[in-house]
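Student: Using the sequences plus the hints, can you model the full thing?
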Amino acid sequence: MLPLSLLKSATGCPILIELKNGETYNAKLHSMDLWMNMSLTDAVRTSRDGNDFWHVPQLYIRGNTIKYIRVPELVLGIVEEERAARQQRRADRSNRSSGGSRRSAGGGRNRHGGRRDRRDHPQWQ
Amino acid sequence: MSQKHQDKPRKNPPHKVILDLSKHINKNVQVHLTGGRQIQGVLKGWDPLLNLVLDEVVEQLRDPVDPYKLSGKQRKLGLLVARGTSVMTIAPVDGLEQIENPFLNKPLV
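Chains as they are written, first to last, in full-length UniProt numbering: chain P, 1 to 125; chain F, 1 to 109.
Among the hints, erroneous ones may be present.
What the hints assert, rightly or not - Computed beta-carbon distance windows for the label pairs: (1) P:K28 <-> F:P48: 23 to 29 Å; (2) F:G78 <-> P:L74: 43 to 49 Å; (3) F:G78 <-> P:R93: 53 to 59 Å.
Think of the hints as simulated: they come from the structure by calculation, not from any bench.
Yeah, the Cβ is synthetic: ideal placement off N, Cα and C, and Gly gets one too.
Tutor: If you want it as structure tokens, here you go:
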């Protein structure tokens, strides 16, 4: 499980972000990119000392100012579902293609890590 | 080959901008900069690196004793370009308000 893919799966979930300056944001994750830049909605900003609170309807946070992110446990379930769905799609695809596939039946499916994803990119097909 | 890719969302190209600032143009935005400065101004322009053009900018000055607190004083800065690399957060001012502790009866997350 990669950090960025976990966060990607957490899209739409409430998360807690602490910035390097100690401020925390409780918000719903709207979207994020490869730099962990995040777009949040309906955020509550808590000051560093925990005494002041602001409601921030929309917020963009630059990834490099983030210290850590708390993610709800249920995201693990989402990750598992997405993984299963991806595997299913891959199986369907290899069944559809003829036997002359450049990939052996099992070999491609059991790989792990980023390479597998990169293969999905048009450039690698 | 192309048909293969139709059933799934495209991967993020590396330069994808997850924030569409065009709907906030000519609106008031609050920007936190690295180092702790906090400014507010009218968004006049932006680019994908998040360099911003802001007008009528006011900086909320911090307490010299405790730089994590605002002193309530302001400083007018006028027209400025905020460099993207030092922009920490961007939030539209509309709807932004100080509230009471919303977590008194709820744990965080």
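Student: For each hint, tell me whether it holds in the structure or not.
Tutor: To see whether the hints hold, each was checked on the structure:
no. : hint                        : verdict
1   : P:K28 <-> F:P48: 23 to 29 Å : 24 Å, holds
2   : F:G78 <-> P:L74: 43 to 49 Å : 48 Å, holds
3   : F:G78 <-> P:R93: 53 to 59 Å : 58 Å, holds
Every hint from the earlier list agrees with this structure, and none is contradicted.
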